[in-house]
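Chains as they are written, first to last, in my numbering: chain D, 1 to 237; chain X, 1 to 113.
I should point out that these hints are in silico values taken from the structure, not numbers from a laboratory.
Simulated DEER-style distance windows between Cβ atoms:
id: 1; chain 1: X; residue 1: Glu61; chain 2: D; residue 2: Leu191; range: 42 to 52 Å
id: 2; chain 1: X; residue 1: Asp74; chain 2: D; residue 2: Thr23; range: 40 to 50 Å
id: 3; chain 1: X; residue 1: Arg25; chain 2: D; residue 2: Pro61; range: 37 to 47 Å
id: 4; chain 1: D; residue 1: Ala101; chain 2: X; residue 2: Arg19; range: 46 to 56 Å
id: 5; chain 1: D; residue 1: Ala38; chain 2: X; residue 2: Glu68; range: 19 to 29 Å
id: 6; chain 1: D; residue 1: Thr92; chain 2: X; residue 2: Cys76; range: 49 to 59 Å
id: 7; chain 1: X; residue 1: Thr24; chain 2: D; residue 2: Glu51; range: 43 to 53 Å
id: 8; chain 1: D; residue 1: Leu230; chain 2: X; residue 2: Glu68; range: 35 to 45 Å
id: 9; chain 1: D; residue 1: Gln227; chain 2: X; residue 2: Cys92; range: 34 to 44 Å
id: 10; chain 1: X; residue 1: Asp77; chain 2: D; residue 2: Asp198; range: 26 to 36 Å
id: 11; chain 1: D; residue 1: Gln90; chain 2: X; residue 2: Ile99; range: 27 to 37 Å
id: 12; chain 1: D; residue 1: Leu230; chain 2: X; residue 2: Thr88; range: 34 to 44 Å
id: 13; chain 1: X; residue 1: Asp74; chain 2: D; residue 2: Gly78; range: 41 to 51 Å
Chain X stretches covered by chain D per the calculated footprint, using a threshold of three residues with CB under 8 Å from any CB of chain D:
id: 14; region: 4 to 11
id: 15; region: 18 to 27
id: 16; region: 77 to 88
One-sided and incomplete, this derived list gives chain D residues near chain X with beta-carbon spacing under 10 Å:
id: 17; residue: Arg24
id: 18; residue: Arg29
id: 19; residue: Gln30
id: 20; residue: Arg33
id: 21; residue: Ala35
id: 22; residue: Asn36
id: 23; residue: Ser113
id: 24; residue: Ala149
id: 25; residue: Gly150
id: 26; residue: His179
id: 27; residue: Pro211
Heads up, the beta-carbon is just placed ideally off N, CA and C, and yes, glycines get one too.
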Amino acid sequence: MCDECGCGQIQTSDDHSHDHGETRVVEIRQNVRAANDALAAQNRNWLRAREVAVVNLISSPGAGKTTLLERTLRELQGGDRPLAVVEGDQQTDNDARRIAATGVAVVQINTGSACHLNAHQVGHALQDLDPPAGALVFVENVGNLICPAGFDLGQGADVTVLSVTEGDDKPEKYPEAFHKADAMVLSKIDLLPHLDFDVERAERFARALNPNLPIFRLSAKTGDGLQGWLDWLAKLT
Amino acid sequence: MHELSIAQAIVEVADSEARKVGATRVARVVVDVGGLSGIVADSLEFCFPMACKGTLVEGAELCIEPIEARGWCDTCDQEFAMRDLLDTCSRCGGFANAIRAGQELAVRTIDVE
Numbered sequence: 001m002c003d004e005c006g007c008g009q010i011q012t013s014d015d016h017s018h019d020h021g022e023t024r025v026v027e028i029r030q031n032v033r034a035a036n037d038a039l040a041a042q043n044r045n046w047l048r049a050r051e052v053a054v055v056n057l058i059s060s061p062g063a064g065k066t067t068l069l070e071r072t073l074r075e076l077q078g079g080d081r082p083l084a085v086v087e088g089d090q091q092t093d094n095d096a097r098r099i100a101a102t103g104v105a106v107v108q109i110n111t112g113s114a115c116h117l118n119a120h121q122v123g124h125a126l127q128d129l130d131p132p133a134g135a136l137v138f139v140e141n142v143g144n145l146i147c148p149a150g151f152d153l154g155q156g157a158d159v160t161v162l163s164v165t166e167g168d169d170k171p172e173k174y175p176e177a178f179h180k181a182d183a184m185v186l187s188k189i190d191l192l193p194h195l196d197f198d199v200e201r202a203e204r205f206a207r208a209l210n211p212n213l214p215i216f217r218l219s220a221k222t223g224d225g226l227q228g229w230l231d232w233l234a235k236l237t
Numbered sequence: 001m002h003e004l005s006i007a008q009a010i011v012e013v014a015d016s017e018a019r020k021v022g023a024t025r026v027a028r029v030v031v032d033v034g035g036l037s038g039i040v041a042d043s044l045e046f047c048f049p050m051a052c053k054g055t056l057v058e059g060a061e062l063c064i065e066p067i068e069a070r071g072w073c074d075t076c077d078q079e080f081a082m083r084d085l086l087d088t089c090s091r092c093g094g095f096a097n098a099i100r101a102g103q104e105l106a107v108r109t110i111d112v113e
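For reference, chain X alone in the conformation it holds in the complex:
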């Protein structure tokens, strides 16, 4: 359940950015979550309201934008979709030599009032 620490970090970012632009309330937080970021969307949604208490983000909607994970195969010189770290190249069946996308965990935008 490290999603609680992650939810707190998201709220800290959203709250401080909202204050910077003189907002009084955050209505929505859009978060990019990569398929290999180690974050379970359900758990994050569950923890988010607790983390929001007493901040400008209290009552905000959390919108999770999933980002597809992509591995790179040196042998076939191609990218392939991954759902987990053991997914293999669609052509040769080898394991990924590098992760090209999917480890993202970022606050993309906030809607403020």
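Extracted from the complex, chain D is given alone in its bound form:
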């Protein structure tokens, strides 16, 4: 009997479908994200074979991802690890031009109407970048604290950036991005004296969602707190 709809019909075909009057019910049980997840797994295997580490940066628009990236790249340049960047924005190549000015290889993805990157786009961008073995690649996702958290790209680590110019209740309001993060950056801390941002509260809720979350309080502008972040990145493989 069909336990799906309880209609009592005997299933006779392998495809699990049966007549249901004019229509018949076909059982599928397929994860909707399966197609993206399969491409993400492909990216992950490709990256692993090359020993390339990928960090996916997620934040609201204006949290300072690109500024953090510019400073991070400048600090890491000249080291023994090759660097590269994939930029994601709905429109323009403004961010790619800022990254290119640091001398680091960059590919810009414009998502058009889409509010997040997907594994297909990132797979092509990685092939275009062709990062050498041992490289560290940053993916700057579309500025959006909700949607990018739901789409695997094949990255090794997710970093959620929260700036102190936003509300300190962001982890409560947008839990998914903090729940799945491997690290959190609290950015623009040089502005704290001018704001009512409660660092303790933001971090308490981020850790309620993700108990062992490493949190780096830093200012990409002054360089305060940057070393802990750079040390964490150095350990990524």
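Mind docking chain X on chain D? Use the hints.
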């Protein structure tokens, strides 16, 4: 509004599965949506007809089956219902140590003609 990408993915699954069984039209798509899947049912319903255009799924009814999210508490050795990721154990008030259900997002069945 990542529900548009999700609606497109649902339609791709439904359309390709319908073709596999030689159907000419999909009348209904039943989707399991977990309480912590990050999907807003209203937005998904809004995007679905747009995503269906030009496929076998055009005109189909979308039926969303909500799945209750369940957290696990290591301290109390029990499951508890969750509506969001910050909901706490009904006994000790601690945060969930693991998510046991609620992240589902799957096409369960399609009705085809």
